[in-house]
Structure formats: C-alpha cells, structure tokens
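Using the hints, position chain B against chain A.
Taken in sequence, the protein lines are chains A and B. Just so you know, we're using the working numbering here: the first sequence kicks off at 1 and counts up by one. Just so you know, we're using the working numbering here: the second sequence kicks off at 1001 and counts up by one.
Don't read these hints as lab results, they were simulated from the structure.
Per label pair, the in silico range of CB-to-CB distance:
| hint | chain 1 | residue 1 | chain 2 | residue 2 | range |
| --- | --- | --- | --- | --- | --- |
| 1 | A | G8 | B | F1424 | 31 to 37 Å |
| 2 | B | M1193 | A | I17 | 40 to 46 Å |
| 3 | A | P18 | B | A1400 | 34 to 40 Å |
| 4 | B | M1451 | A | K353 | 50 to 56 Å |
| 5 | A | G8 | B | Q1043 | 58 to 64 Å |
| 6 | B | D1148 | A | G8 | 49 to 55 Å |
| 7 | B | L1314 | A | G8 | 33 to 39 Å |
| 8 | A | G8 | B | P1506 | 36 to 42 Å |
| 9 | B | L1314 | A | D225 | 50 to 56 Å |
| 10 | A | T45 | B | A1400 | 46 to 52 Å |
| 11 | B | F1419 | A | A126 | 57 to 63 Å |
| 12 | A | G8 | B | Y1313 | 31 to 37 Å |
| 13 | A | G8 | B | A1400 | 44 to 50 Å |
| 14 | B | S1386 | A | N208 | 57 to 63 Å |
Remember, it's a predicted structure, so these values are computed and weren't measured experimentally. Where a beta carbon is used, it is the ideal one built from N, C-alpha and C, also for glycine.
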Amino acid sequence: MNKGKAKGTLIGVLLFIPVALLSGCWDRTEVNDLAIITTGGLDMTEDRKLELLIKQYLVAPTSNQQSGGFSADMDVGSGSSIVRSAQGVTMADAVSHLQQVLSRKVFWGQNEVFIFGDRLAKEGLAEVMDYLTRHPIPRERANVFLSFSPVKEVLELHPPIERSVSQALRKMAENQTGLNISLKELAEMMAGRSKAAVIPIVQIMPKNGKQESFAYINGTAVLKDGKLVGRMNDAETRGIMWLRNEIKTATVTASPPHAKGPISLQLLRSHTELVPHIKKGNWSMTVRIETHDDIVENASELDFSTLDHIEELEHELENQIKRRIQMALGRAQSEMKADIFGFADAFYRKYPKEWNRNKDRWDDLFSNMEVNVQAKVYVSRPGVTGKSIFKPEQR
Amino acid sequence: MDMMKWLWSLIRFRQRLAEPPKPQQGNAQFGGAFSAKLALNEQALRSAYSNCSDVIFHEFYIGNRTRALLVYIDGLTNIEEVDQHVLAPLQQDVPAHSLADIRGKIAVSSIKPIQTLTQVIEEISGGNPVLLVDHEQQALAIGLSKWDKRAIHEPSAESVLRGPREGFIESIRTNTALLRRKIRSPHLKIQTMNIGTYSVTPVAIAYLEGVAAPSLVKEVVDRLKRIEIDGILESVYIEELIEDDPRSPFPQLLSTERPDVASAYLLEGHVVVLVDGTPSVLIAPVTFFSLLQSPEDYYERFVVGTAIRWLRYLFFAISLLGPSFYIAVITYHQEMIPNALLLTMARSREQIPFPALIEALLMESMFEALREAGARLPKQIGTAVSIVGALVIGQAAIAAGIVSSPMVMVVAITGVASFMAPRFTVGISVRLLRFPMMLLAGILGLLGLIMGIIVILNHLFQLRSFGVPFMTPIAPMQTRGMNDVLWRAPRWMLTKRPHMTGAWNPVRQPPNQRPGPDRAKNGRDGS
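Just chain A, same shape as in the assembly:
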C-alpha cells in the first residue's frame, strides 16, 4: 500500500521535472528588459497616419556611485524619461513600429495615463479604443485626457513636483476639480446607450517668467459616436459634474440680493438623482439635487444665527446650481446633441420597452427634452459665528 503511494509520488515528480526543465523560464522578463511606459499619447499625423507617442521611464541610474549601496539615488525628476514616437496604420501597427525604435520590450502594464490628440479625436477614437480594451496588458484604470495642443508637447513637460507629467495629471484628476475619467469609463460611455462621452482636456500653461510651463486640466471635450464634437469650459464642466453625480469637492460662492457681499460655502456631500418621465409620448427629465454645505467664508452682512438669512442663502445657492446645470445642459442639448449625462440609461432603466422602441430617435428626443432641475441646498453647519466679526460696523 505504501509502496504504491511512493511509486505514484515518484512518477509524479519524474513527470514534473521535464515540465519545469523543458519549459524553463521562457516568458520570464526581467524589469531590466522592459521599456516601462508611464504615459501613452495618441494623435494623427498630417498624412492621416496614427501616431503613437510614449513616455518611457529611463531606469539607467545616473552617476551617483560615491553614495554606495543603501542610499539609492532618488533623482527621478527631470531627464529621467524620454519620449519616443512611431507611426502606423492601426494601433497595433504603431506599437510594432514603436518596438523597432526601442531596445526594450514595450510594457503597457504600468501606463497610467493616455492622452489623445484633438485631431485623432475628430477622426474618431473607436479604433484605438478597440486595441486598448482588447489587448490584455493596458490598464483599464488608466486616466484618459484629450489635448488640443500637440500631444508631444504635453509628454515632454517635466513637472517640478511629481515624478512625471502622467503622475501630475493623474493626481489632478483625482482631486476631482475636473472630470476623472478612466479608460474603462470612457469605453463604457462610448459603447453605452447614449453613445456620447466626455474626456477631460489637458492644457499647457505656457512658461511665464520663472514659472516653468506645466499641464493642467481645464474643461471637457465632448465626444459623440466616438468623435469630438465640442468642448465645454470649466464652469460648464462643473455643471456636467453636478448632473453626472460626480461632484465631490466644490467651493461655491454666492451673493444673495440683499447680502451686500459674497459668501463662500464648501460642499460636504451631494447627491444627484435623474428621474425620467414619459407622459403621453412626451419625454421629460427631472433632476433632483440634494446637497449639504458648510459656510467657510462670509464677506456679506448676513447673520447666520438667524434662520431667515440661512434660507435666503440656500435659495440663492439653489438658483446658482440650477444656472450652472442649465448652462451645460443647454450646450449639450442644442449645440452638441450629445447625451453626456447618462439620461439614456436612466430612461432605459425605467422605461425599457419605450426606450427600445425609440432608441433610433434618441438624439432628437434628447435635444428637445424638457429638463426640470430641482435643487435643494442645506446649509448644515452655519457655525457659531453668525456675522463676520471683523467688520466693525456690524458689531
């Protein structure tokens, strides 16, 4: 009995040894064999070829030998990355051409940022998105941006604080001052029911005196059927974020009519609900926004120890939010005819049959839809200082 078991074990071991030895470490790739791409850029050349640009992290240590073993040199700032580019008919073609100019294997696994050029976006992102989502290596969590200036210029920036421009852009997006769209979310939007997508726009702040030029997020690009149809400015972007329930941090400044001065509030939390209605073939949308705010600055004559003044402020804030939303909504509905707020999904969830019957004329429905914005603002924490104590005439 024991012998049979031992025999089985021996056969198992003997069979396993060739498995290990014959295969060896065939697909082993050391980190020294990888071209670690930190930022990927995609644009279209004049002759309508796809241009792929990458920012590769240079791992070769700079001459810092005297510091010896333990103190690894931390010079990872400027000059530690290079930008390479290649052209191709398709994305895969461009990648293979890129490999020709790199001594190391192209490694997308650490790429955290994709930047699309405006020319490519106008042609359509469908083809490159297919590669990026079909290929197993690129990260779906990577952030996507769109640039109206040449992508190469963005890639060649060296932010003074962060490790690379991709890191800087990523952190800015995470701060949620603008939209924070990942490759996965972009793919979902582009393939979703509304076929419209938003991508944050990256802009270069030009060099100004001692201030080096740097990249920052400003505004939003709107895509329809995978193609760039327009851009929204910063204020309109805030409206988009309110509607998409993506607003997390915000400082709202309002001046109620009788206040004689502005008041700033910080957003504590906010929730947006889309309530679609179809009545007698008439499609309409109610947007309910409920937000809680906290007063952080009072330059007015209002006294927040009295409820009347708080109500006045709340009313003013509600109007302000409505104005912002209407601004973004108006442009999306009439100018771009792009449902970037997820209205299509909301309708589909509530009225799947009607939606399916009418999905072909959705663009028409959307652009003519009546949208009713109901904002409710609560100033939850007025604090114990009612009036501003630094204005002597108010004492």
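Using the frame of chain A, we list chain B on its own:
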C-alpha cells in the same frame, strides 16, 4: 515504462538487501543463570566485564566469615557512601547469617534484591553497586549511583521573558523529577523502558492518567517497543523511528527543553517521551498550530499573546513565500507592482547581471551559510562571521552590483521571519521549503507559487501525528479549538481541552471562572 520497472526492481532489490539481522536486545545476551556459588557468578561477571578497567570488583568478608563481592563502576557510584554505609557496617565482626540480616545492616534506603545475571549487569551499568554474597540465590542492588551532571539552567534555545527559567538536563531522573515538581498528582505516570542494544538508554513515557487517552499511551509504548537500534544518543533518534510520515519536512513530534511546556502538554492529554542523555524531550501528538505556539503566548496577557501569535502566523507565511513571491512578481507580473515601487525597483535592478531567481538563490544560500557558520562557531569567531556576513549580504553586494537592494531587503525580512518560528525545527524546515518554492516561482511565476502552496497544503492536510490530523482544528474543523488558534483566548475561556487529545477527559476547568464580582452572592443580597 520499462525504465520505471527497472528502477523499481532496483529499489526492491536494495530493500531486500537492507533486511537487518536480528540484534540481541539490551543486556539479555549476558543472561546466564544465577548460581548460589559466588565463584561461578564472579566468573560470569568478570567475563562479561573483561577489559573494562572502570568496573571494580571489591572482595571482602562479612563479619570475617562469609565471602562477598561488591561490583560497581567507578565514576557512576557514590564511593564514600558505599564505604560508610555498606562496607563499614558489614565488615564489623557481627554475625550475619541470612541475606535479610545483611540487608538490615546496610544503612541505605534503596536496596533491591535481584535474581538474574541480566539484572545484575543492568544495575551495575546503571551505576548501582551490586553486592553478591556466597551461598545466596540473590544479589542486592544498592541504590547509591551518583555521577557528575550539569546544573539546571534556562534552555538557551527557548528563553522567555516571563515564566520559569529551568530546563531539562541530560539526566532522565532529574528530568522526571522536574516534571513531578510541576504535576504532583499521582496521576502523573512515568513508565520506563530501555532502548538500544549497546547504549541501553533509559526512556521514560510520561502521561497524565485519566487525561491522556489510554489508546494514545498504548500507541506510543507500542511504537517505542518496536524500535531496534544499537544506540540512542538524542531524542531525535526516537523521533525519526516513531513518527507517522518519516519523509515529511515538518516535525510530527514536538521537542522541548522546558518542563513547563512539557507539563502544559501533559495537562492537555499529550504523552511526553523523555530520553536519558539529552535535555530535549518529545511531545506527541502535535498539530501544526502547536508548533507555532510559544510558552510566552500563555505567560503574557491574552491581548499581547494574541497579537504576537498573529504576527508569528504572518511571518511564518513570509518566511515561506517572501522571496518566491518577490521573484514571481518581478519576473512575470510587473503590472502588479505599484508604479512608484516598480520604478524604484527597476532602477536598483538595472545593473544587476543575474535574473531575479539566481540573485535570490545566491543571497538565500549565502544567508543560510552565514547562519550555519555562525551557529557552529565559538562565540569569539562568531561575531567576526556576522560582521563579515553583514558586509557581504548588505552593503558590499549592492555596491559591487551583484544583487539589488530590494532583494537584500527581501532576504533580510525572510531571515528575520524564519527566526520568528518558536521551534527551531519548524523554522529550518520552512527555510528549506523556501528553495523549491523559489524555483517554482522562477519557472512558472505566481502559477508555480500557487502550485507549490497547493502541494504543501495537501501534504499538511493529510499528515497525521499519532492519529491526530496535523491541521487540527482547521481540518477537521473544530470551533472549540479555534480559541487557541485564531487567538489566545483568556484562560477563563479555555475550559475544555483540545478535542483530539483531550476527548478522553474534555473538561479542563469549570466555566464561569471569569473574574468579577461574585454574581451568586450579589444575587442573594439583592444588590
């Protein structure tokens, strides 16, 4: 398949060859008949102890009439006591006719009449002087053995901050006394047997009657009786001959030098095997988790004990998987490493000429070599080795560009982790298992790592120690045992013994021992 058949026939042939000749057990080979004539007995003994310069034959006359012979081994017998309490009273001119008379004269408490030559030789070898008297069918073994032994010290391999500092020594009698001092109940039974054809080593089996399952005691005794060996020099000889799976890298008997640990296991229904000539005693059966327990867990407050135990579990996993996980991730799964970390790693690995696997094997074997060198060397040289080792493993290796600094960190952390194992045997078997794991990770990446883990877990789950599944109480699942595995429950919660060893007598202590105001009294007072 022919090849396999040939291999197996070869193995079977070797097994047939290895069939051992039946050795004669103990001192039985000298078992001649005991004669009433002293001369014959003396002749038999002298021939048995021929060329034994340390055996003394002292001939004298009791009361100047009866011829007598005192045989003992020099160095194992308390000669002064023999002179004072045996020879002096017997040599006085007083009539002593029977053996009972003689026995009455000797002022020693431990006197045992023995009938056979085998027994005589056993007593002499054990250090007890034997008195043979002419015309008597019996001899007297006088319990005056005494030899030099080490004082009781704290075992250096199992030191604790709080708790008893005494440890077992090489003398089995002292060791049983240490146990008896912890557990004074007569329920503590200590059976003795001699094992070893030539060494004739006393081996004691200690257990708590009424707590240890009789079947377990019988199994241990049976397995011990099956041993046929020329000599036992350390308890590991016995361990290797009685364990359930002799090829397993994991120890299936616990060895300890601490009487408190042995007593704790006795109280849980385990059996302790003490071997003369070594301070380490064996405890059977054990489970995987008992190998990861330290006496300190129970001597600290339970919160601390629990935290330390969790830390130990974590570092056990690290010591097994640390370098292999690093190898797998850095050679196959670079996308799993956080961006910033990968860039730092890539930078430090840039000039390293070896693949990560070779690098890790190099450093790990270097570490093992240094540990082994440091353990065997005298203290004065040991420090030199550790200084050189720190240079080799640390700074110099990185500066020379042979290994990367993350690898040094991984090796160092793994090294520290393997020393976290409270039992050296566990630590070292895990350290050895690390090498195949590293190879698997180097060949197949995380897939290989998982395969290795599956094989190890498979082995652990099918392993048994004296019939007790090794992974108790995880498999078979026992919620009661979890109190002593998932955390170190406070003592008033540990009211039951572990199921597998304590089922014979499960209740350790009554419940409701949690300290606090006397609930019964308060209830009566109505407060």
